[in-house]
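Asks: The chain contents come next:
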Amino acid sequence: AQSVTQLDSQVPVFEEAPVELRCNYSSSVSVYLFWYVQYPNQGLQLLLKYLSGSTLVESINGFEAEFNKSQTSFHLRKPSVHISDTAEYFCAVSEREAGGFKTIFGAGTRLFVKA
Amino acid sequence: DTGVSQNPRHKITKRGQNVTFRCDPISEHNRLYWYRQTLGQGPEFLTYFQNEAQLEKSRLLSDRFSAERPKGSFSTLEIQRTEQGDSAMYLCATDTQYFGPGTRLTVL
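Protein sequences appear in the order of chains A and B. Just so we're aligned: 137 in this note's numbering is position 5 of the first sequence, and the numbers increase by one with no gaps anywhere. Just so we're aligned: 86 in this note's numbering is position 71 of the second sequence, and the numbers increase by one with no gaps anywhere.
All the pointers check out, no bait thrown in.
Here are the simulated DMTMM-like pairs of lysine to aspartate or glutamate, each with C-alpha atoms no more than 25 Å apart in a straight line:
(1) A:K234 - B:D78
(2) A:K234 - B:D110
(3) A:K201 - B:D110
(4) B:K26 - B:E59
(5) B:K26 - B:D39
(6) A:K201 - A:D140
(7) B:K26 - B:D101
(8) A:K181 - B:E59
(9) A:K246 - A:E152
(10) A:K234 - B:E43
(11) A:K234 - B:E83
(12) A:K234 - B:D39
(13) B:K26 - B:E98
(14) A:K181 - B:E71
(15) A:K181 - B:D110
If you want the footprint, here are the derived chain A segments under chain B, 3+ residues with CB under 8 Å:
(16) 167-180
(17) 236-247
To give an idea of the interface, some chain B residues facing chain A are shown, with a C-beta separation under 8 Å as derived from the structure:
(18) Q56
(19) G57
(20) P58
(21) E71
(22) L106
(23) Q112
(24) F114
(25) G115
Read the hints as simulated data drawn from the structure, not as lab findings. Just so you know, these numbers come straight off a predicted model, no measurement behind them. The C-beta atom is built at its ideal place from N, Cα and C for all residues, glycine as well.
So here's chain A without its partners, still in its complex pose (with noise of 0.2 Å):
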């Protein structure tokens, strides 16, 4: 079975200052992996996604997730965050099933960017 554990539920940081928002999982077979935002009284959306090939992917937003097979994370970051990065972050991994793919969410973490 597999499991998603982020293993911080809120994370306070400075804007301008670099944040790391981590995301362990765990998988017996090949998985896909995501990192989804979703900002206050809005619905989801896909921040990044990693699927095959390199195993660093990055957003249009400055954000990036570098997934490692060996530790079973990925991990997301940005070398600078805005204010408006304020949000709830959720790490996701799909593993394949008969007949699909089948989901399973962290329980977020909450980025607070201060001024």
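Got chain A; can you put chain B on it based on the hints?
Replies: Chain B in isolation, oriented as in the chain A frame:
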């Protein structure tokens, strides 16, 4: 805007009433998922459709819950005899990656 729409966006109901939510997915996406998200938690998988076939149901989906996807297009999620514990955001997604805005259910 992901192209996935959900209606209604908010629903307030009294305990014991039935409610139905609708999800209109991106037309060319065959897989449709329903999730439930409670405050402070990540989305929890409820059920999944491949076209019109319901392929998997979570044990979270009690017999009061039923989902359909006639003709493999839009999908509905019905909750019968609602309980206060059903209060949550109900999310629809296609191909795992495209989420609708959700329907927030409040059971009084």
